[in-house]
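As you go down the protein sequences, you meet chains A and B in turn. In terms of this note's numbering, the first sequence opens at residue 10 and continues consecutively. In terms of this note's numbering, the second sequence opens at residue 28 and continues consecutively.
Calculated directly from the structure, the hints in this document are not laboratory data. Just so it is clear, the structure is predicted and the values come from calculations on it, not from any experiment. Cβ atoms here follow ideal geometry from the backbone N, Cα and C, with glycine treated the same way. Worth double-checking, as some hints may not be accurate.
FRET-style restraints, in silico, Cβ to Cβ [said to hold, decoys possible]:
1. 70/B with 49/A: 51 to 59 angstroms
2. 22/A with 94/B: 35 to 43 angstroms
3. 99/A with 218/B: 49 to 57 angstroms
4. 205/B with 154/A: 22 to 30 angstroms
5. 234/B with 153/A: 37 to 45 angstroms
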Amino acid sequence: MTDKTMTADEAVSWLHSGMTLGIGGWGSRRKPMALVRALLRAEITDLTVVSYGGPDVGMLAAAGRIRRLVTPFVTLDSIPLEPHYRAARERGAFELMEIDEAMFMWGLHAAANRLPFLPVRAGTGSDVMRVNPGLRTVTSPYDDGETLVAMPALRLDAALVHVNRADRRGNGQYLGPDPYFDDLFCEAAQTAYVSCERIVDTAELTKEAAPQTLLIKRHTVTGVVEAPNGAHFTSCAPEYGRDEAFQKRYATTPWAQFAARFLGGDEQAYQSAIREAP
Amino acid sequence: MKGVTRAEYCVIACAEAWRDAGEILASPMGLIPSIGARLARHTFAPDLLLTDGEAMLVGVDGTVEGWLPYRQHLTLVTGGRRHVMMGASQIDRYGNQNISCIGDWARPKRQLLGVRGAPVNTLNHPTSYWIPRHSRRVFVEQVDMVCGVGYDRAAGARHHRIPRVVSDLGVFDFATPDRAMRLASLHPGVTVEKVREATGFTLEVPDEVPYTREPTAEEQRLIREVIDPENARAREVAE
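This is chain A alone, in the form it adopts within the complex (with noise of 0.2 angstroms):
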């Protein structure tokens, strides 16, 4: 048996610049922030980042390690805009293809059936065409002869993802209401690295839930962290909700002093600064 098990700066030893990477979660819930918080700690720049955004977008935004972002949106859900990146765009700090939230997950899609692309009732008619001009459509073959746009495949060389329960080999499971498209981002990537709020057996994973939250398989996972907290400040249902107080202090912290306070130590550092924050 293969044990995957390591600590958030060993996956993020195995990412490098230049990389795509796929952030699991969706606006500002269980997004994989002690990886994002991992990520920040090493030297790696010029991303490809593919996201759902929330927070994580807006981290790596602000230090500046994104070369091109991937997303139909960037919010923290309860503060509807995300400050950060709405800086980091209005100083044209980065390449963006933005497109609509349906696209997005067909892109996915196309990926993990390692397709080319998948065509979409989506983006005609919307100026998601004029930013992205490298955007192609298909025409229908069969009799209705429609025109649909082929969303390329979003391949990952890296994907990230948040989830309650993992065993050792990589079975992750959710537990809150929704997956998100966090299987999908394992499936669509070359390499997937799941945190979860604990590492249990396996025969663990069914005894009180059902088979149906078994939401990432095995082989589609490189590596495995025990991160408990390790989506804060953002939701992790049903164990926590957001951090509301906090995500407000991060939404209104010049993003230098926040970085100082909260993100100059390693993880334990992390959640002991966040247990003293007012």
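Given chain A, put chain B in place with the hints provided.
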């Protein structure tokens, strides 16, 4: 009916978007459309599906009746059995909508949310809009980034439809030969002049403009006592 507030006319105008909609998902974005959708379900659209804003389909009392995580939501969108009422940072005379950014997309003056699901929504099912503060900043000659697709750019796409735009001043539709925005009704207390002044493009105005209908006594009771007893609606549209 005595003492109907502007916010309540807005609720009625939003609720009407789902009249006779059948067994489809109502997706209201914003507080007043949410109250409107629930009012519709309580009264003239009893088969509507509602969500809790997360992954559950729920009844008006919050009873869970189904599971609709994001990816199934996207399937439902393309299946067409949904009528969304979205917001708009900008909207033009043909119903093109922008929630992405203000200014040049390459280097925006103000970065907003992003296109979200507006492109897929508008090509797959009815999409209406809710604008709580009608102004020239929102009702513009041309939007800076087309997210939701308007009539002039839809090229007759088979499932494209923008039934209505509701603002704090009135209700608007596209029932004109070239599908340009038309004033369909004024909320009582609002004049045509006021709407014209607050609109950044030339609005089609029929000779006779009706007023948005009054709530029935039962509807007013539902709004005030059952759906929004805390009067949160007044925070979105004040009288």
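Beta-carbon spacing of residue 99/A to residue 218/B - inside the hinted bounds 49 to 57 angstroms or not: Once the Cβ atoms are compared, 38 angstroms apart, the range 49 to 57 angstroms for residue 218/B and residue 99/A is violated.
C-beta pair residue 205/B, residue 154/A: status relative to the range 22 to 30 angstroms that was hinted: holds, 26 angstroms
Distance restraint evaluation - residue 22/A, residue 94/B, Cβ atoms, bounds 35 to 43 angstroms: 38 angstroms Cβ-Cβ, so the 35 to 43 angstroms window holds.
Residue 234/B paired with residue 153/A, Cβ distance criterion 37 to 45 angstroms: For residue 153/A against residue 234/B, whose Cβ atoms are near 42 angstroms apart, the range 37 to 45 angstroms holds.
Residue 70/B versus residue 49/A beta-carbon gap, inside 51 to 59 angstroms or not: At 52 angstroms between Cβs, range holds.
Violated hint: 3 only; the structure is consistent with all others.
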